[in-house]
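Let the hints inform the model, and build the full structure from the sequences given.
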Amino acid sequence: AQKVTQAQTEISVVEKEDVTLDCVYETRDTTYYLFWYKQPPSGELVFLIRRNSFDEQNEISGRYSWNFQKSTSSFNFTITASQVVDSAVYFCALSGTYTDKLIFGTGTRLQVFP
Amino acid sequence: DAGVTQSPTHLIKTRGQQVTLRCSPKSGHDTVSWYQQALGQGPQFIFQYYEEEERQRGNFPDRFSGHQFPNYSSELNVNALLLGDSALYLCASSRRRQSTNEKLFFGSGTQLSVL
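Residue numbers (the working numbering), protein chains in the order written: chain F, 23 to 136; chain P, 3 to 117.
Errors might be hidden in some of the hints.
[As the list claims (entries may be wrong)] Here are the simulated DSS-like pairs of lysine-lysine, each with C-alpha atoms no more than 25 Å apart in a straight line:
no., chain 1, residue 1, chain 2, residue 2
1, F, K60, P, K28
2, F, K25, P, K105
3, P, K105, F, K92
4, F, K60, P, K105
5, F, K123, P, K28
6, F, K123, F, K92
7, F, K60, F, K25
8, F, K60, F, K92
9, F, K25, F, K92
10, F, K123, F, K60
11, P, K28, P, K105
12, F, K25, F, K123
13, F, K38, F, K60
14, F, K123, P, K105
It is worth saying that the hints were derived from the structure and are not from the lab.
Treat the numbers as computed from the prediction; the structure is a model and nothing was measured.
So this is what it looks like as structure tokens:
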């Protein structure tokens, strides 16, 4: 069975601090995809990144970076120099091959205070 | 370029009633998926429609049904509403691919409250 675990329910930081959101996944598929989505108070899920299971290169996009480690089944997300606008719920998700069906974690609520 | 649009934004129903939620996919997208997000939880997959047929289904009872129209828009119907059906219902669209997984674009959802 596929499963995504986000053990951190809520994180609070002060602006300009770095913050890492953890994600651990379980799957028996050899090919799979991992995603991070951001959900602001408006409710819409905003796509942040997609990685496939064959590409373990870490990625950086502006203040965002992702650390994918197959050996520990983890796909962690770091925000550098956090800003108040980063406050949202962040979801890690997993899908298998030939399917768009996403298995979501329970989310981590990030609050960034000025 | 309009994104995924859902209507209505909020809805209040009573137990036993039926409800229909609507979704228009992003321009150029032909596949629509529906998710249910209970308060404090991650979204749960309900089903997916492509070429006007249900292609995949999650662990939801038959009270949940859907439809896709020739213009790719979709409806989610829930019959015999229960209190536990209260949730944010999210629609997501994508382009159908045979080999690679497409990222989903989500709408802002319909908040359904069952009293």
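Hints and how they fare:
Pair hint K60(F) plus K28(P) holds up; C-alpha atoms about 18 Å apart against a cutoff of 25 Å. A threshold of 25 Å between alpha carbons decides the hint, and for K25(F) with K105(P) the separation of about 19 Å falls inside it, so the pair holds. With a CA separation close to 21 Å, the supplied pair K105(P) and K92(F) stays within the 25 Å bound. For the given pair, K60(F) sits about 14 Å from K105(P) by alpha-carbon distance, which is consistent with the 25 Å threshold.
At roughly 18 Å between alpha-carbon atoms, K123(F) and K28(P) fall within 25 Å of each other, so this suggested pair holds. Our distance criterion of 25 Å between C-alpha atoms is met by K123(F) and K92(F), whose separation comes to about 21 Å. A hinted pair counts as satisfied when its Cα atoms are at most 25 Å apart, and K60(F) with K25(F) qualifies at roughly 19 Å. Restraint check for K60(F) and K92(F): the C-alpha separation of about 23 Å stays at or below 25 Å, so the hint holds.
Of the supplied pair hints, the one linking K25(F) and K92(F) holds, its CA atoms being roughly 15 Å apart against a limit of 25 Å. Restraint check for K123(F) and K60(F): satisfied, since their Cα atoms lie roughly 17 Å apart, inside the 25 Å limit. With a CA separation close to 12 Å, the supplied pair K28(P) and K105(P) stays within the 25 Å bound. Only pairs whose Cα atoms come within 25 Å are accepted, and K25(F) paired with K123(F) is accepted, the gap being roughly 13 Å.
A C-alpha spacing of about 19 Å is found between K38(F) and K60(F), which places the hinted pair at or below 25 Å, so the restraint holds. Only pairs whose Cα atoms come within 25 Å are accepted, and K123(F) paired with K105(P) is accepted, the gap being roughly 10 Å.
In summary, this structure violates none of the numbered hints.
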